[in-house]
Amino acid sequence: NAGVMQNPRHLVRRRGQEARLRCSPMKGHSHVYWYRQLPEEGLKFMVYLQKENIIDESGMPKERFSAEFPKEGPSILRIQQVVRGDSAAYFCASSPVRGNTEAFFGQGTRLTVV
Amino acid sequence: DQQVKQNSPSLSVQEGRISILNCDYTNSMFDYFLWYKKYPAEGPTFLISISSIKDKNEDGRFTVFLNKSAKHLSLHIVPSQPGDSAVYFCAARLNAGNMLTFGGGTRLMVKP
Chain L
551 NAGVMQNPRH
561 LVRRRGQEAR
571 LRCSPMKGHS
581 HVYWYRQLPE
591 EGLKFMVYLQ
601 KENIIDESGM
611 PKERFSAEFP
621 KEGPSILRIQ
631 QVVRGDSAAY
641 FCASSPVRGN
651 TEAFFGQGTR
661 LTVV
Chain A
84 DQQVKQNSPS
94 LSVQEGRISI
104 LNCDYTNSMF
114 DYFLWYKKYP
124 AEGPTFLISI
134 SSIKDKNEDG
144 RFTVFLNKSA
154 KHLSLHIVPS
164 QPGDSAVYFC
174 AARLNAGNML
184 TFGGGTRLMV
194 KP
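Chains L and A, in that order, are what the protein sequence lines are.
Under my numbering, the first residue of the first sequence carries the number 551, and numbering increases by one thereafter.
Under my numbering, the first residue of the second sequence carries the number 84, and numbering increases by one thereafter.
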């Protein structure tokens, strides 16, 4: 896990607020993946980004969710108008090359919607 | 439709014995399989992987076996240690694609 930094570790939001989750990949990694883990379930793919580009967002809900990975700075997963069902652990992973053969995960952000 | 399944939610093993964690999949187009270990409040840590062209890969105490005809893979940990107690996820990649599909996890408890 060393190197992939996610913040905050814990985030509490009231229904209707916005949540912003940040991920700084390992040094030298330009590929970032976001996954969501609901309670008692496995991780589910959400989106794959390279610098300034969304490559695959097939796992993203159609509304309220967006992601970016700007040229400078961390990748951001943004959830607008949060609902209770958004409560989950959100994990970011990074890799130096495309293909996911050894993606390194961050410690996750646990989002609680109250 | 769950393409990767770990049918045992939990497994308890005595220290020093072998732990065998199982994983089944349905999609024959998966080309790469990985095992991750996860402690509470931490992210998954990569353990070991195997390409679909192989049937075995070994790394220290960890060995992964792949049976393509049965669409089944297993992780063997020998000998098991109390520090191995964690949730283990198997994951599969589709055709060098962009995402991993995870199983639901198996909680391993190694008793001293």
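These are calculated hints, taken from the structure and not from any lab test.
A few of these clues could be false.
[To be verified] Capping the alpha-carbon separation at 30 Å, the derived lysine-lysine pairs in BS3-like fashion look like this: (1) 120/A / 594/L; (2) 88/A / 594/L; (3) 194/A / 612/L; (4) 154/A / 120/A; (5) 194/A / 139/A; (6) 594/L / 137/A; (7) 88/A / 151/A; (8) 612/L / 151/A; (9) 577/L / 151/A; (10) 88/A / 577/L.
Nothing here was measured: the structure is a model prediction, and the numbers come from that model.
Structure-based check of all given hints:
no.	hint	in the structure
1	120/A / 594/L	16 Å, holds
2	88/A / 594/L	13 Å, holds
3	194/A / 612/L	45 Å, violated
4	154/A / 120/A	21 Å, holds
5	194/A / 139/A	27 Å, holds
6	594/L / 137/A	26 Å, holds
7	88/A / 151/A	15 Å, holds
8	612/L / 151/A	35 Å, violated
9	577/L / 151/A	36 Å, violated
10	88/A / 577/L	33 Å, violated
When the structure is compared with the earlier hints, violations turn up for hints 3, 8, 9, 10 and for no others.
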